[in-house]
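Asker: First to last, the protein sequences are chains A and B. Under the numbering used here, the first residue of the first sequence is numbered 1, with each subsequent residue one higher. Under the numbering used here, the first residue of the second sequence is numbered 1, with each subsequent residue one higher.
Just so you know, these hints were derived from the structure itself, not from any lab. The reader is advised that the hints may include incorrect statements.
Pairs count within a copy or across copies, as identical chains cannot be separated in the list.
As the list claims (entries may be wrong) - DSBU-like mimics (lysine-lysine), calculated; alpha carbons at most 30 Å apart, straight line:
hint	residue 1	residue 2
1	Lys130	Lys28
2	Lys200	Lys28
3	Lys118	Lys192
4	Lys130	Lys58
5	Lys130	Lys141
6	Lys48	Lys192
Being a predicted model, the structure only gives us computed values, none of them experimental.
Number of protein chains: 2
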Amino acid sequence: MYLICLDLEGVLTPEIWEAVAIAFGIDKLKLTTRDIPDYDVLMKQRLKILRNNNITLKDIQEIIADIDLLPGALDFLEWLRSNTQVIIATGSFIEFIQPLAKKLNYPLIFCHNLEIDKTGMIINYSLRLKDMKKKTVRALKKLKYNVIAVGDSYNDIRMLKEADFGILFRPPANVQKEFPQFPVVTEYSELKNHISNHIKLKSL
Amino acid sequence: MYLICLDLEGVLTPEIWEAVAIAFGIDKLKLTTRDIPDYDVLMKQRLKILRNNNITLKDIQEIIADIDLLPGALDFLEWLRSNTQVIIATGSFIEFIQPLAKKLNYPLIFCHNLEIDKTGMIINYSLRLKDMKKKTVRALKKLKYNVIAVGDSYNDIRMLKEADFGILFRPPANVQKEFPQFPVVTEYSELKNHISNHIKLKSL
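Full structure from sequences and hints, please.
Answerer: Pasting the structure below:
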């Protein structure tokens, strides 16, 4: 039996921090692990910028509620869920992604969470589990699933490697070049074909 | 972070084999593990009855497509999915439950599968994993989830025991009596309250 693990940002939705950065006009919030490889340093910088600009969780949630899914993402996900089982594994936080989960008709989402103070400021972030995406795939394999994983960037690579079959969706050029073992697809129709061919439509 | 594991039959839908038995007027298909405790003996008997009566998978799927969800089940599940993460763990088979999955708006479902021959007859069943419900809860706990499990009968008890918090929903009297450690609820509104109180609505 098959189970598909999908990254969220870049695969089904735009990058959340980028949208937040644009909405508040703060360029430094656009930085990602591509610019600051140490995630903890990056997140602490993001939270400091929010504090310095007096931006609360609620302010950010209002921005996120306005983010549209990537064009075609919902159709793709609905197709996938009606044909097999799907888990979304994202490095983002439950407090951020609730409005996007609603737009996606509430698939199962594995993520992390934030610490909020009484004034609504984000004071810290809490990873439910380190290396969560990879560990999720490993746990699913132990539960006797064949796992297909789909991601777009560096933080998905360990998940893609752990999966029985890994696919890069619209990766940046350097990721594509560095990990030539993964097929690269840029359209949902291609992604459907890759997954259908792999599952051989047996359980569809 | 919390994750809720729900049994399917008896919790969200009627018992599938019972509906099939009634539709075909074959009383022996009504027997469950309450009557024949050895699941393999029970399933082999069921499959033999189907063969002897020339009943194909497609015939059964048509019956199952007509099964209504339990009244209130969909509202309860939608509430739950919009407030936390949910996995349905069922001893049933993907070939049976697809129409019910659709009525439930495609939650994640962990289940088993059937072997079908070229004439559409069910020739065998295949358990993805023995003791799957319990092992699912254990895997989720290792992924750092607090797990609340909800079931109605004997085949859920090991899942309920493994979970951080187990709840019996409309159990038969003997199950309720034998496992007094689990709270018993009979209405979705009570189930909502139990879950809300346990999660303390922190992540809601």
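Asker: Now, for every hint given, state plainly whether the structure supports it.
Answerer: Okay, the hints, checked on the actual structure:
no., hint, result
1, Lys130 - Lys28, "within (25 Å within a copy, 51 Å between copies)"
2, Lys200 - Lys28, "neither (45 Å within a copy, 36 Å between copies)"
3, Lys118 - Lys192, "between (45 Å within a copy, 27 Å between copies)"
4, Lys130 - Lys58, "within (26 Å within a copy, 45 Å between copies)"
5, Lys130 - Lys141, "both (18 Å within a copy, 14 Å between copies)"
6, Lys48 - Lys192, "neither (41 Å within a copy, 38 Å between copies)"
In the structure shown, a violation is registered for the earlier hints numbered 2 and 6, in ascending order.
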